[in-house]
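Number of protein chains: 2
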Amino acid sequence: MSRIDDLIRTTGEWLRGDGPMSDVVVSSRIRLARNLAGRKFLSRADEQEREDICRLLSEQISRTPLGERSFIVDMEEAEELDRLALVERHLISRQHADAHGSRAAFIGADETWALMINEEDHLRIQVLRSGAQLDVLWEQINEIDDVLERRVDYAFDPRYGYLTACPTNVGTGIRVSIMLHLPGLKLTQEIEKVARAAKDMRLAVRGLYGEGTDAVGDLFQISNQVTLGQSERDIVREFVDVVIPNIVEYELAARRMLATERSTMLDDKVWRAYGLLENARAVSSEETLYLLSHLRLGVCMGRLPSTDMRTVNELMLMTQPAHLQKLHGSAMSVEQRNQFRAQYLRRRLASDN
Amino acid sequence: MSRIDDLIRTTGEWLRGDGPMSDVVVSSRIRLARNLAGRKFLSRADEQEREDICRLLSEQISRTPLGERSFIVDMEEAEELDRLALVERHLISRQHADAHGSRAAFIGADETWALMINEEDHLRIQVLRSGAQLDVLWEQINEIDDVLERRVDYAFDPRYGYLTACPTNVGTGIRVSIMLHLPGLKLTQEIEKVARAAKDMRLAVRGLYGEGTDAVGDLFQISNQVTLGQSERDIVREFVDVVIPNIVEYELAARRMLATERSTMLDDKVWRAYGLLENARAVSSEETLYLLSHLRLGVCMGRLPSTDMRTVNELMLMTQPAHLQKLHGSAMSVEQRNQFRAQYLRRRLASDN
Chain A
1 MSRIDDLIRT TGEWLRGDGP MSDVVVSSRI RLARNLAGRK FLSRADEQER
51 EDICRLLSEQ ISRTPLGERS FIVDMEEAEE LDRLALVERH LISRQHADAH
101 GSRAAFIGAD ETWALMINEE DHLRIQVLRS GAQLDVLWEQ INEIDDVLER
151 RVDYAFDPRY GYLTACPTNV GTGIRVSIML HLPGLKLTQE IEKVARAAKD
201 MRLAVRGLYG EGTDAVGDLF QISNQVTLGQ SERDIVREFV DVVIPNIVEY
251 ELAARRMLAT ERSTMLDDKV WRAYGLLENA RAVSSEETLY LLSHLRLGVC
301 MGRLPSTDMR TVNELMLMTQ PAHLQKLHGS AMSVEQRNQF RAQYLRRRLA
351 SDN
Chain B
1 MSRIDDLIRT TGEWLRGDGP MSDVVVSSRI RLARNLAGRK FLSRADEQER
51 EDICRLLSEQ ISRTPLGERS FIVDMEEAEE LDRLALVERH LISRQHADAH
101 GSRAAFIGAD ETWALMINEE DHLRIQVLRS GAQLDVLWEQ INEIDDVLER
151 RVDYAFDPRY GYLTACPTNV GTGIRVSIML HLPGLKLTQE IEKVARAAKD
201 MRLAVRGLYG EGTDAVGDLF QISNQVTLGQ SERDIVREFV DVVIPNIVEY
251 ELAARRMLAT ERSTMLDDKV WRAYGLLENA RAVSSEETLY LLSHLRLGVC
301 MGRLPSTDMR TVNELMLMTQ PAHLQKLHGS AMSVEQRNQF RAQYLRRRLA
351 SDN
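Taken in sequence, the protein lines are chains A and B. Residues 1 to 353 in the numbering used here are what the first sequence lists, from first letter to last. Residues 1 to 353 in the numbering used here are what the second sequence lists, from first letter to last.
Think of the hints as simulated: they come from the structure by calculation, not from any bench. Among these hints, one or two may not hold up.
Stated by the list, open to error - A few chain A residues that face chain B, going by a derived Cβ cut-off under 7 Å, partial list only:
hint: 1; residue: Thr-264
hint: 2; residue: Asp-267
hint: 3; residue: Trp-271
hint: 4; residue: Arg-272
hint: 5; residue: Tyr-274
hint: 6; residue: Gly-275
hint: 7; residue: Glu-278
hint: 8; residue: Asn-279
hint: 9; residue: Ala-282
hint: 10; residue: Gln-339
Stated by the list, open to error - If you want the ones that stay clear, here's a sample from chain B, every Cβ over 12 Å from chain A, calculated:
hint: 11; residue: Arg-9
hint: 12; residue: Thr-11
hint: 13; residue: Leu-36
hint: 14; residue: Ser-58
hint: 15; residue: Gln-60
hint: 16; residue: Pro-65
hint: 17; residue: Ala-198
hint: 18; residue: Arg-202
hint: 19; residue: Val-248
Stated by the list, open to error - Simulated DEER-style distance windows between Cβ atoms:
hint: 20; chain 1: A; residue 1: Met-309; chain 2: B; residue 2: Lys-199; range: 53 to 61 Å
hint: 21; chain 1: B; residue 1: Asp-308; chain 2: A; residue 2: Arg-310; range: 31 to 39 Å
hint: 22; chain 1: B; residue 1: Ser-263; chain 2: A; residue 2: Gly-329; range: 18 to 26 Å
hint: 23; chain 1: A; residue 1: Asp-98; chain 2: B; residue 2: Lys-199; range: 52 to 60 Å
hint: 24; chain 1: A; residue 1: Arg-347; chain 2: B; residue 2: Asp-98; range: 46 to 54 Å
hint: 25; chain 1: B; residue 1: Gln-95; chain 2: A; residue 2: Leu-252; range: 50 to 58 Å
hint: 26; chain 1: A; residue 1: Lys-193; chain 2: B; residue 2: Arg-310; range: 46 to 54 Å
hint: 27; chain 1: A; residue 1: Lys-193; chain 2: B; residue 2: Arg-347; range: 35 to 43 Å
Ideal Cβ placement from N, Cα and C applies to all residues, glycine included.
Assemble the whole structure, with the sequences as input and the hints as a guide.
Take a look at the structure:
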């Protein structure tokens, strides 16, 4: 049994649903992009250089206290289902899972942090937690960064800051992002307004699995786009003081409106979702997320007394393709997955009654 | 409390669901078109003549044994909800409910027969029963026709037969129709093939409420189009010996195929319908019929042990707009109806568990 198999049995920190404002802010995340001084960027490195970088970084990290509190995954050796399960848990990126060549990931045992070696940059450090916890994450990622900086020499330019493979990351190399559940704004058809406001603030708005994915299940990722010319601290502060409170208030206002003026429509959405999840015999992961989104809204608003938030969050993760196949114990076709998913949902929702 | 209010509390003969082959043949119906000799067709009659015809026929019918076994509804006086409820029970036509001027209906107390005065013709006699019972209906309608013919003088031409307002009814004036529930053929996408075969046999294929209505809830009406040059007995025999056995066999073959080769899809349809009906907070009559159709299929095929056919048939009728408003005790807006319908469905399906 691998360490990844152990992870699968649990929900993961970011979906625990007990962080601050987790009715709206599902999770918060910060990542830093770092590259080794005197080494080629990966886009120009050959396989030997990739291997050297991977070995060097793995060794150095293993010697820090971080090594003890984590396990390493050799991404070249790892099975596809394991790699995808890590993507579904937001511990590594899809690019990192799908890439080829020497690469690795250190996964913090408590799942609040992970290090990707040879993703787009030599090293990416990320921390993530349930709810709105950017201040905590900021301290945590600084600590990790400091620990590592004592051991490895980063590519840093006094004028530009940290040098990164992609120019959009040059400077602080920081990306701050929050995952938002916005079913209220979706139902009141105000989501576009919020998306436009976010873009005006030079924030990127994406779906559940980052760049190029649609917003499934009313889950949206909002992140900073600019890293040059703004301090890391300023970027975090903007999220904590402006972005999060504003969007949370928009969403809660939409929910209040639904509860007072469109309560039948609201309950209809919530209970239909429940009825389908509890009775379907085949259901895709996309439809499941769509339905679980309405269930989550119902639970947040106290309109579905029989189900709790923890269950909904767990189902959101466990019904994803890789988790489902790990739970099942073997790979399945899409059709088999859809049946097994429906069976799993029925069992879980029935036992909660 | 009117006689119509009494009817509303029950299911009606044709939806009782206990007739032969009622898994597929929901109900059978025969109607005869008759006009009084020496009177103008209604299209050319003025209101005075309509009144005379209505009074004359009402009086004559009342004096036969039919008068004792029925109640009369003055359609000009009847409230709209009552008229529509009779349409929903298939006891009168929508045209008869919506028309203006003197007109009436005799409703057999057992709901197996009804007489419409001043619909398109001076008199329309109809008999209807649950399942495939055309032989029984044929005897019954002959008896009624004979009883009436002793009292009134029909417009009859030795060469053409019974004269009727619309040329398509001239001759025997008979229309034989069966209401079919064909969810299997719909799911296997063979319904068009059957509809074409029926049309080749010069049969008309329509939706639930006759001419110009779409097939809602996989319910199809098939009826003869030609009345001239074929004896009434031949028309009935063709339905009994050819049309009904063939279509029933097609539908049952489709259902067998679904059960053996696509059982997950079948159960998924059935249980999703159940889940929505049991949980929705607002539902239109059209969606309800669509969902009840899948429920009915599940009950027929033994895949939904918690629900019985009687309940499904009853829900199909009671959730129609006029019945629903009669049950509620007052007129409701569409929105109110959709909520009350969902509430009624939840209560009924929950109590059946």
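Cross-check of the supplied hints:
no. : hint                                : result
1   : Thr-264                             : holds, 5 Å
2   : Asp-267                             : holds, 4 Å
3   : Trp-271                             : holds, 4 Å
4   : Arg-272                             : holds, 5 Å
5   : Tyr-274                             : holds, 6 Å
6   : Gly-275                             : holds, 3 Å
7   : Glu-278                             : holds, 6 Å
8   : Asn-279                             : holds, 3 Å
9   : Ala-282                             : holds, 5 Å
10  : Gln-339                             : holds, 6 Å
11  : Arg-9                               : holds, 27 Å
12  : Thr-11                              : holds, 25 Å
13  : Leu-36                              : holds, 52 Å
14  : Ser-58                              : holds, 46 Å
15  : Gln-60                              : holds, 52 Å
16  : Pro-65                              : holds, 51 Å
17  : Ala-198                             : holds, 32 Å
18  : Arg-202                             : holds, 41 Å
19  : Val-248                             : holds, 27 Å
20  : A/Met-309 <-> B/Lys-199: 53 to 61 Å : holds, 56 Å
21  : B/Asp-308 <-> A/Arg-310: 31 to 39 Å : holds, 38 Å
22  : B/Ser-263 <-> A/Gly-329: 18 to 26 Å : holds, 23 Å
23  : A/Asp-98 <-> B/Lys-199: 52 to 60 Å  : holds, 55 Å
24  : A/Arg-347 <-> B/Asp-98: 46 to 54 Å  : holds, 52 Å
25  : B/Gln-95 <-> A/Leu-252: 50 to 58 Å  : holds, 53 Å
26  : A/Lys-193 <-> B/Arg-310: 46 to 54 Å : holds, 51 Å
27  : A/Lys-193 <-> B/Arg-347: 35 to 43 Å : holds, 40 Å
Going through the hint list in order, the structure satisfies each hint without exception.
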